[in-house]
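> Okay, here's what each chain looks like letter by letter:
Number of protein chains: 4
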Amino acid sequence: MTSTKTYYFTTVLRSVFTERNVEGLGAQPTYDDIGNFDDFWKVMDGPVISALFDQKWYNGENLTNDQYGYVLFENKILGLPRIRQLRVTNHSCTVHEIFQQSIRECYGPYSSSRENRSSYLPENDTITPNAWHYQTSKQLSGRSTSGLISVYGGGGFVQELTPNYNDASAQLKDLNANLWIDRGTRAVFLDFTVYNANINLFCQIKLMVEFPASGGAVPSKSFSTVKLIRYVSSMDYFVLACEVLFTAFTVYYTVEETLEIRHFKLQYFKSIWNVLDVLIIVISYICVAFNIYRQIKVGQILDELLKNQNSFADFEFLTYWQIQFNNIVAFAVFLAWIKIFKYVSFNKTMTQLSTTLSRCAKDVMGFSVMFMIVFLAYAQLGYLLFGTMVDDYKTFSISIFTLFRIILGDFDFNAILTAHRVLGPIFFLTYVFFVFFVLLNMFLAIINDTYSEVKSDITTQKSEFELGDYFQKSYEK
Amino acid sequence: MTSTKTYYFTTVLRSVFTERNVEGLGAQPTYDDIGNFDDFWKVMDGPVISALFDQKWYNGENLTNDQYGYVLFENKILGLPRIRQLRVTNHSCTVHEIFQQSIRECYGPYSSSRENRSSYLPENDTITPNAWHYQTSKQLSGRSTSGLISVYGGGGFVQELTPNYNDASAQLKDLNANLWIDRGTRAVFLDFTVYNANINLFCQIKLMVEFPASGGAVPSKSFSTVKLIRYVSSMDYFVLACEVLFTAFTVYYTVEETLEIRHFKLQYFKSIWNVLDVLIIVISYICVAFNIYRQIKVGQILDELLKNQNSFADFEFLTYWQIQFNNIVAFAVFLAWIKIFKYVSFNKTMTQLSTTLSRCAKDVMGFSVMFMIVFLAYAQLGYLLFGTMVDDYKTFSISIFTLFRIILGDFDFNAILTAHRVLGPIFFLTYVFFVFFVLLNMFLAIINDTYSEVKSDITTQKSEFELGDYFQKSYEK
Amino acid sequence: MTSTKTYYFTTVLRSVFTERNVEGLGAQPTYDDIGNFDDFWKVMDGPVISALFDQKWYNGENLTNDQYGYVLFENKILGLPRIRQLRVTNHSCTVHEIFQQSIRECYGPYSSSRENRSSYLPENDTITPNAWHYQTSKQLSGRSTSGLISVYGGGGFVQELTPNYNDASAQLKDLNANLWIDRGTRAVFLDFTVYNANINLFCQIKLMVEFPASGGAVPSKSFSTVKLIRYVSSMDYFVLACEVLFTAFTVYYTVEETLEIRHFKLQYFKSIWNVLDVLIIVISYICVAFNIYRQIKVGQILDELLKNQNSFADFEFLTYWQIQFNNIVAFAVFLAWIKIFKYVSFNKTMTQLSTTLSRCAKDVMGFSVMFMIVFLAYAQLGYLLFGTMVDDYKTFSISIFTLFRIILGDFDFNAILTAHRVLGPIFFLTYVFFVFFVLLNMFLAIINDTYSEVKSDITTQKSEFELGDYFQKSYEK
Amino acid sequence: MTSTKTYYFTTVLRSVFTERNVEGLGAQPTYDDIGNFDDFWKVMDGPVISALFDQKWYNGENLTNDQYGYVLFENKILGLPRIRQLRVTNHSCTVHEIFQQSIRECYGPYSSSRENRSSYLPENDTITPNAWHYQTSKQLSGRSTSGLISVYGGGGFVQELTPNYNDASAQLKDLNANLWIDRGTRAVFLDFTVYNANINLFCQIKLMVEFPASGGAVPSKSFSTVKLIRYVSSMDYFVLACEVLFTAFTVYYTVEETLEIRHFKLQYFKSIWNVLDVLIIVISYICVAFNIYRQIKVGQILDELLKNQNSFADFEFLTYWQIQFNNIVAFAVFLAWIKIFKYVSFNKTMTQLSTTLSRCAKDVMGFSVMFMIVFLAYAQLGYLLFGTMVDDYKTFSISIFTLFRIILGDFDFNAILTAHRVLGPIFFLTYVFFVFFVLLNMFLAIINDTYSEVKSDITTQKSEFELGDYFQKSYEK
Ligand SMILES: [Ca+2]
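Residue numbers (my numbering), protein chains in the order written: chain A, 1 to 477; chain B, 1 to 477; chain C, 1 to 477; chain D, 1 to 477.
Take every hint as true, because none was put in to throw you off.
Copies of the same chain look alike in the list, so a pair counts if it works inside one copy or between any two.
In silico lysine-lysine, DSS-like type, Cα no more than 25 Å apart, as pairs:
#1 Lys-297 - Lys-307
#2 Lys-173 - Lys-56
#3 Lys-206 - Lys-76
#4 Lys-76 - Lys-56
#5 Lys-76 - Lys-307
#6 Lys-138 - Lys-307
#7 Lys-362 - Lys-339
#8 Lys-342 - Lys-265
#9 Lys-297 - Lys-206
#10 Lys-362 - Lys-270
#11 Lys-206 - Lys-221
#12 Lys-297 - Lys-138
#13 Lys-342 - Lys-362
#14 Lys-362 - Lys-455
The hints are simulated quantities; they were obtained by calculation from the structure and are not laboratory data. Everything numeric in this text was worked out from a predicted model, so none of it was measured.
Go ahead and model the full structure; you've got the sequences and the hints to work with.
Below is the structure:
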């Protein structure tokens, strides 16, 4: 599934949309630098639509009609790119009475209940007449998206971009001039999908800029590369043959394992290897089923698209499930690797090692509980102490990862020193002392001790033999 | 207390004030790059007041009066921003006789005794007439602030900025033209507080630029986000209910523990768990008391502010204590996590582990003393050898942290190699050899050995039993 | 072979060709930033040919004829720099039927079978008439080169650059204007070799820009510094004397070892030290042979070059083998260091340590197999899960290195967190738990236990002696 | 000696001279970016002399005569800054016969024997008439300086800069126009010393740009901050009092230790603590002696300087020794920390730990030898394989440090992967396997085992007592 060309496909697209600076004097933002309304419009009406609707060759020659509509000359944009906005209503939060005099408007953080669904059409807008009417999630057949700050609904105010540089730029300028985005805006999405026929890959792209209730803007992005059309080249048909073979094998093993289960009953599930086999078989069926479903569904969507090229083409759903499918396959391959253990475990050294592991498992578990309590206590503490200021502690789960990374030696001490000159170092030093020095060494002690035990057990068994032999020999004298 | 919105609030504000470049050709400074007088004025009369007094929407439309006075359209500036300057007197240090001929002026490092309190009004300054008169700490109800280089008093030369881009810019230009800042200046503070009604959070902002006696400028900054108004939304009232419940519980446990103390007397304090309980109760009372105090005090300050909008609003004191309060709560939650140990320690594996820890505690302590001596000796050495040149050794305490980070694998070897080509590597290599290889391994040896001991003790106890059983059985035959 | 001057030679050249920005307003690319066709031409017709054909001294004075043709005034360009392009044919891949209507062209990834060998001469090109005709690998005496994305053949479309700034710039502008590079282009190479007479070193330079089938451009570069002319200065002749001496020694030892082999037969190869000796001797012969070959070959190439200065000078082959030669010498020196062990192993402590190592070798090997299975399973999983998005997992082998680096504490957690919010952390945490905590500690346990054993064995032997002595003494009483 | 103000003094000066960009459009170099002749002149006639001879206040007002001649308004430049150049002669290296036709000039790497001492005065230079005549090391009372590439002599071609922006700029422009620097130039130094009366510190500054024989330029810099005038403020006189007291104590202890030595003779030196005492006393005398010498010498130099302000003031010698003095004091303080061990070692746990350390010392040493051989073999290999390309392996000693840092988890894997796609990873993986996994674990095993032994020895001694008691008790029954 993965290969160098997939990686470079994703990378090249990410680079062209998010790493190009706005043209101009001095320090100009890229997509990743967006920090306020201004930057947003500069980047949208600059590098982003330049990348989408490039008009010329590098020598200044205009593109022909056939060449038009490609990103970087190679990646066909499917349907129209779509800008979608989500808004909250004014007075969606309560202003404390003391401020009610001076603060007249209040736009809370996004939540579906606070969503603003009313139109706000400016007079005489002929360029983007539809962008000011709310469309429900159902009308857009959208689904909810999770951003950095919140989870957003599938509806919103939508504008499709005409696939032409000048027209699209005019549309953006019109939206800009009429304040399409304002204090009520909480997120803007730019969605589109490109298809590269050279390497037969789709990339579903979502550029999301969130406008938190605190002001400013927080950009994020997602580039999902998938191979939705599976069988094109001759190599692909070879893969198809393999897949058929794989399905046949799966059926065969299903029968075999079923027989075994019938024979051994519950006893069967006591062996970890059998459980593994069943798991792999189940995953295989899921994969096969999805493969067939995808084949049908992709055909439908592409057919629809070809009939109506002038509308947004929604590949989000399919891409999402294709990625899940890839992940499941990856997991199945992982399990297959683990199965190798079944065949190497007869070796004597192996036995010794695996005995050690299984014997110390209980102690390690007990220890892990103890470790977890201290660990979580520190994660919570770090989150509460530094969460408002330091990126690495901004949520509880990220705080957990951060503390885990400290153990491996990857941390930013200055961030917590800056956050709090006294508590920062105390937090860090005590954490490292307890968790790194004391608890991790306990870990080692457990394994070390168990290994010695196991090894001496094995040696003892041997020496008993030898002792026996010795006595026998003595006797025979 | 902490949540994603708090984090983004702080981040967005920090970004808008300190990460925007001055507009212009070539490489222009941001607030964080300030390195001399020139940069200071460029940044102040550039990105900083642009962020404070934005006048227009992104489409060029002017803001209405209602929309005016917000940072990033959402964050109301409370009162007027205030610039404060601290100066030292000329001849506040002694010039050696050899130089007295050629060096006529001497402005020492800041200290309260060297502070210059005399006015230095230029002729005919009508724009900023008050900026040239010293006001005492009492007049400003200020308190001392610690910067990177020194701790600064609460008085100084003060200018409040008129809340309007053009006026504020004129004020800054006037101060610039009349050399408000000169060789005697040791620190300039820009203080203000913003309130975001959308998410009901205050951020008290302090931009501090220190001008050390060595020339140049050293910027620093502090953004303290707190929730001073607690009870606004319905969710807040639910929290209030919980707080009342919490207070009730605290009272209940106070009674219970008091009874226990009466019964067990000093014996009571011998259990670590009881001490923990008492600690948690005490912290709870502190929190409750502060909560009430804050509620009253915030009301007072805001009332005053509303009466007189055209003056500086000082939230520093309140913010400081609110952050202390948050930290104490965080600590209380940490203790609650630790209390879990009380309930899991009955487990057998746990006993084994905790026995190990308590048994090796003495050795670990003894070892820690030894470790500390070597460690501190190296920290002192590093400070004296590299302190003038390398950031990581610039003070003794930072030198301690740096050596600690080396153990975890986070260091900048090239910095000390550049500082001293010979002593740098020798320092580093011997430190790592003694502390990392030898001493840390000792640490491990202690724990490892104790664990083996504990485990064999437990096994012995069992085998004695078994031995006993065996004898008994033999006897019964 | 290596010395500071070699390092700075390479560094200075790398810097001048790849780290200079295109001149112009705003953010301009360097060679390393090339991301599309446009950047490519800007960089080529900018910093690259400026570096190659500098015309003036820093004070604006023109260079004399003698001074012309040097990079940075010191490094003579040998022959003409050559630009070479590789193309694939249109319709070199299959477009799925559903898209055949809308996507008319298809340029697959590079492979020798897809290579486009047809001329595409534009009308009336008088400046670069030869750049549009394919030349085979044989005609160019080229060889295949491996880039980041693919391995490229030795033929292609070739343009030699006239050694003059204005002419070369005109040539590039002409290629640009006629779309020399287009959708079919898969890679462009700029090859040339410079010679620095001051320090008698050659640097063979290859700037390679790949244009993947996904669009965009991926630059890479190689700077190979070698000393091809060995005997110039008097110091070099001293080295020659040493080399002759070395050859004599090699012959002497060959005889000696041959005699030994004859005497001990297969027994001889049982000692690791003997095998090492034979290995070193074989390597020595290879080096001597190559040295002679190089001497002759360099002479030939340079002679040819001097006869015809106006053609490309191909040093690639020679440079390649010279580097292999250097590597082999480096390996020989490494083996010589290892031989020291032969002479220190008599020491008692050494025996103890080496016994430990050899005794635990079997267990360590068994363990390594176990470790490898888990390790490779994770590497595969990481590759499949994150390969499309994260640089560190883009190929299976890089995924292996990345996991290895995690063990040492060098990783980018945020990259995999961004790639997948859920699977990223799970992958990371379980990997670290199993591999870092459990398996590595097993490793330690094995060595630790073996060492104890070995040491107690040795002590037991001693104490038996002492016990014997004791009895003897008792008896004598 | 060290304090925050010293650190900021150094930092502020380093920043103003080496981190300011040349003004202009697009990407402009700072001092640290200098890469060729052009950059050198741009930076010298730009940020460097701007920093040296600032003419105006930030409001555009001209500086008065008194304010003139300071860096950043506070740091008095002592004497005149001096530019010094070192050159090699043409034909200072041999061109191979094959190139003698085409390469007519040859300027070898710098060495004192190749130095070019001939004048090269251009016609009619009235602005910088002296810059073209060689002056010997003796005439300049210079001493040799070691740069990144070579060690440079103390003579050269010298130009002192007139202390005025316009004049100095004219001088630099004249040198530029007449090609003062050309292919023969190997290094240019800008030397000057500033004195800050506010904090009574000197900073001796040396900006060195080397022009290697490979072309290009390599900048480096040194900022040495010292306190040469010791006794100015009242605090300084208190320090003087302490120093006198310290000297008295030193004399006292000298007498005491002398008596002890007389009494115990050679026995005295067997205790490590006595050796330490003697060492500290010797160091103390060195410090006292230097202190007096410095006091006299500084006075002389400053007197001379004041008499003739219009010449270069050479503080290099004094600064050098003052830094040595500081380092020696730092070392003495380090020893004082170590002496604490004498007083804590009576503790029982301590004994156990120190016994462990001393008992395993022999094994650790033996092991270290083994470790060193492998380590050095790898360092040599890394140097030979990657030295031409990777900064971290450019010399043998840096290669040693790099391998050491790998053990601590600080490395740049991609650098060696780029340098050699195959040998890079093999080198890295085998190194980590042998050194990190195998050898370091051996280290741990040694310490671990010794600790167990020591502890059981101590326990055995106790149990023997107990056994004795037991028998006694049995007997008494
Ligand atoms: Ca690390």
